[in-house]
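Colleague: If you want the building blocks of each chain, they are given just below.
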Amino acid sequence: MDAVETETDTTRVAGILAEFETAETLKHASTGLREAGYKRFEAYSPFPVHGLYETMGRRRTILPLLVFGGGLAGCMIALLLQWWTNAIDYPYLISGKPFFSLPANIPITFELIILLGALSAFGGVMVLNNLPELFHPLFGCDKFRRATTDGFFIGVDIGDKKFDETETADLLRRLSATDVQIYHHPQTEQRIPGYIMAAAALIVALALLPPLGIALFRYAPKSQPRIHLVSDMDHQPKYLPQQFSPLFEDTRAMRPPVPGTVAVDAVIDDTHYLLGQVDGKPADTIPIAVTTETMRRGRERYDIFCATCHGLAGDGDGITSQLAFEREEPKWVKPLSYYNESVVSQPVGQIFQTISDGVRTMPGYKYQIPTEDRWAIVLYVRALQRSRSATIEDVPEELRKHLQSETAKNPNRAR
Amino acid sequence: MQKHPIPNIDDERTRLSSAATGLQVMLAIVGFSALLGALWLGWNNSDELRSFTASYLVSYMSFLGISLGGLFFAALQHLTRAGWSVTVRRTAEIISASMPCMVLLFLPILVPLLLGMTGPYYKWLDPELVAESSLLQWKKPYLNLPFFFARAAIYFLTWVLLARFYYKNSTRQDVEGGPELTRRMEKVAPVALILFGLTVTFAAFDWIMSLEPTWFSTIFGLYYFAGSVIAALAAMILFAIALQCRGYVAGAITVEHYHELGKLMLGFVIFWGYMAFSQYMLIWYANIPEESAWYLQRQSGSWMWVGLGLLFGHLILPFLGLLPRAVKRSKILLGAWAVWMLVIHWIDIYWLVMPTFAEDHLPFGAMDACCIIAIGSLMLAAIVKIARKCELIPTKDPRLEEALSFENF
Chain Z
231 MDAVETETDT TRVAGILAEF ETAETLKHAS TGLREAGYKR FEAYSPFPVH GLYETMGRRR
291 TILPLLVFGG GLAGCMIALL LQWWTNAIDY PYLISGKPFF SLPANIPITF ELIILLGALS
351 AFGGVMVLNN LPELFHPLFG CDKFRRATTD GFFIGVDIGD KKFDETETAD LLRRLSATDV
411 QIYHHPQTEQ RIPGYIMAAA ALIVALALLP PLGIALFRYA PKSQPRIHLV SDMDHQPKYL
471 PQQFSPLFED TRAMRPPVPG TVAVDAVIDD THYLLGQVDG KPADTIPIAV TTETMRRGRE
531 RYDIFCATCH GLAGDGDGIT SQLAFEREEP KWVKPLSYYN ESVVSQPVGQ IFQTISDGVR
591 TMPGYKYQIP TEDRWAIVLY VRALQRSRSA TIEDVPEELR KHLQSETAKN PNRAR
Chain L
1143 MQKHPIPNID DERTRLSSAA TGLQVMLAIV GFSALLGALW LGWNNSDELR SFTASYLVSY
1203 MSFLGISLGG LFFAALQHLT RAGWSVTVRR TAEIISASMP CMVLLFLPIL VPLLLGMTGP
1263 YYKWLDPELV AESSLLQWKK PYLNLPFFFA RAAIYFLTWV LLARFYYKNS TRQDVEGGPE
1323 LTRRMEKVAP VALILFGLTV TFAAFDWIMS LEPTWFSTIF GLYYFAGSVI AALAAMILFA
1383 IALQCRGYVA GAITVEHYHE LGKLMLGFVI FWGYMAFSQY MLIWYANIPE ESAWYLQRQS
1443 GSWMWVGLGL LFGHLILPFL GLLPRAVKRS KILLGAWAVW MLVIHWIDIY WLVMPTFAED
1503 HLPFGAMDAC CIIAIGSLML AAIVKIARKC ELIPTKDPRL EEALSFENF
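Chain order of the listed sequences is Z and L.
FYI, the numbering for the first sequence is 231 to 645, going by my numbering.
FYI, the numbering for the second sequence is 1143 to 1551, going by my numbering.
Please keep in mind that the hints were generated in silico from the structure rather than gathered at the bench.
Bear in mind the structure is a predicted one, so any value in this text is a computation, not a measurement.
Virtual Cβ for every residue (Gly too), placed ideally from N, Cα, C.
A couple of the hints might just be wrong.
[What the hints assert, rightly or not] Taking CB as the label site, the calculated pair distances span: (1) W1447/L / P321/Z: 48 to 54 Å; (2) L1165/L / S406/Z: 27 to 33 Å; (3) L438/Z / W1447/L: 54 to 60 Å; (4) T396/Z / G1389/L: 41 to 47 Å; (5) P321/Z / S1444/L: 55 to 61 Å; (6) G1389/L / T291/Z: 46 to 52 Å; (7) T315/Z / S1442/L: 43 to 49 Å; (8) N1187/L / S331/Z: 53 to 59 Å; (9) F340/Z / N1550/L: 24 to 30 Å.
Please take these sequences and the hints and turn them into a complete structure.
Modeller: This is the structure in structure tokens:
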């Protein structure tokens, strides 16, 4: 059949393009081609034609399976990742939850399912449609441009087993094609120009440099400090010893101590006042002025610091002690009563040392209570002890009568 | 250009025959006897109607969800100016038009509360508990009986008016035709859906969440809504299948519409899972006693199996089951999934409500069966009654043609 138009005879044939009047004849023709046993042909129309796909006899796309597989892979990868990172490689306890805990992992799993599902949909569409395809032999046909406006076409690929230039053309005409023509591969082989290839190679080579440089800097021994890309907290805006500071007149960043500062390990000269010792033995006298004021201060400090355990009257029944007994704390030792003979016989210096440094389970209080106040407490403790062994002679003359009349009224209160 | 020719619906049967009257009467009788049976059982239990209220509330909220979901569907189609759904929209309108019946069915909850015949099954009704808890005292301005009833009245008024609006205008169009009524329904749709969202949220708060008044979850309304839409879609699918089995609207509702309803149902299954998990994870992670107590109760003992059943039966199995295209295009398979979703919807509400009343066991007995039959039958009777009076598809909707020629790719 010579009626088939041929543009050139020298180029390779790529296939046959047939034009149709309407979408209906297009569907009819694709049905006819399918029934004639053709497989590698494609229909083109300016708008989606319902049912065309079915008339071409194509199998259903495997895209849904690809997407499902992608989603499943996302699920597995996310779970594996979270299990490995948080439960195995670097166990990290968060909010007391188990290291591998499904509810906490679901958001990331969900997101990765979506991500890989969407990516496989995108990649699947590209691959299944042979995209990206920069050039197709059909683009060489001027007529084919109408496929995007008002033309309906069928292109039969030369790769089809039943392809035959004359027979296929005849068949298409019988299937009411208005125009049939052979289309060719382009005469000149379409190659990517050399300068683009060179540029691409250069870009790839350049892209390799940063990782190479990083590897070099990380693993090669160097005398200089390494480049600090991530400095963490290595460099901080603070003064180190022996540095300058413009803030001070003498430009020293290190400041001398405030006048009157006493070093923790300073030499102690007044051992009586500071340690309660005279010649290495507990002192018998109180080195501060004994006044009513001191006594009041001692009582106040005692009520604050000592009474919680020792009790307000020094019987060892403070609220902490009571609570400890109530709870049956196994390690609690009841504070010794001040009226115990072993305490009454202690010199004041020893009581002072006990307050300062503690004894048995009692902690030392020298850091909480100033020296002056500790002596005041000693004074008050002595007064408490005295109160239980006092005689009528200890009461001032003018108050004796009053006390005696009170006792007569209420004999139970007399001791 | 069509895969299938556009269905010709000129000689379609779009009106229910008189046989439906018999069905309606029968359903009403069954429903009333079941309701009386449930009431009688509840009265004899002499537990201040506690068991009755629990069972009734579960079934009532389940079926109410179907009605609400229908209303949502109808309004949504107008909001989005959907063309595909015209032939199935009427089923949604009919289902939602049963709202007045749901108002009447609320009476067995309302009347005993009003008359003070019930125990304090809403814990905020218990004066001793309120006196002990400063939290409940603080919530008192919201959780008190008069305001509770006022809110219920507002909800029902909104729903009845909206359902009536869509049903009336849609059926009026069957007579008058023309696009004006469609335009009017489209204009109302945004407002309708905003009102719908607010009322459903607060109704779920009031009627289910306030059973445990110290527990709170802001997503709870959405959770109930998601389950309800699934139930409504399932009911619509079954309604359409039932009609077609009887030879009605044989051509108008095509496999494409079933496919689309199945897709929506699948979508809402995922949405329900999303809501349920969002609610669960935040509470589980924070692990604050006042929040996690609610889940703890629903995770311990036999209730754990119900919860796990929901995870699989309400999310994972339907998700995988509804995923294949072939399932959504098969009436039998889709219908089976619709039945499944309705059952699981009831179990979902059961799991929300019942642990408050029975902490350590799964109560199910004659009472629950009676309540399901009572509310289900009476609602169905109302639906048949409404369906008898109108065309089964919007015969003069301007988008009917589009719906008939609708195809999935």
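Colleague: Given the hint of 41 to 47 Å, is the C-beta distance from T396/Z to G1389/L inside that range or not?
Modeller: For G1389/L against T396/Z, whose Cβ atoms are near 55 Å apart, the range 41 to 47 Å is violated.
Colleague: Does the hinted range 48 to 54 Å hold for W1447/L and P321/Z at CB?
Modeller: 31 Å, violated
Colleague: Between G1389/L and T291/Z, does the C-beta distance stay in 46 to 52 Å?
Modeller: 37 Å, violated
Colleague: Verify the CB-CB distance for L438/Z and W1447/L against the hinted window 54 to 60 Å.
Modeller: Given a distance of about 58 Å, which is inside 54 to 60 Å, the answer is holds.
Colleague: Okay, T315/Z versus S1442/L on CB: inside 43 to 49 Å?
Modeller: 32 Å, violated
Colleague: Hint says 27 to 33 Å; check whether the CB-CB distance for L1165/L and S406/Z agrees.
Modeller: Violated, at about 55 Å.
Colleague: CB of F340/Z to CB of N1550/L, is that within 24 to 30 Å?
Modeller: 26 Å, holds
Colleague: Please check whether P321/Z and S1444/L have a Cβ separation lying inside 55 to 61 Å.
Modeller: The hint (55 to 61 Å, Cβ to Cβ) is violated, given that P321/Z and S1444/L are roughly 34 Å apart.
Colleague: Okay, N1187/L versus S331/Z on CB: inside 53 to 59 Å?
Modeller: 42 Å, violated
The structure fails hints 1, 2, 4, 5, 6, 7, 8 (numbered hints given earlier, in ascending order).
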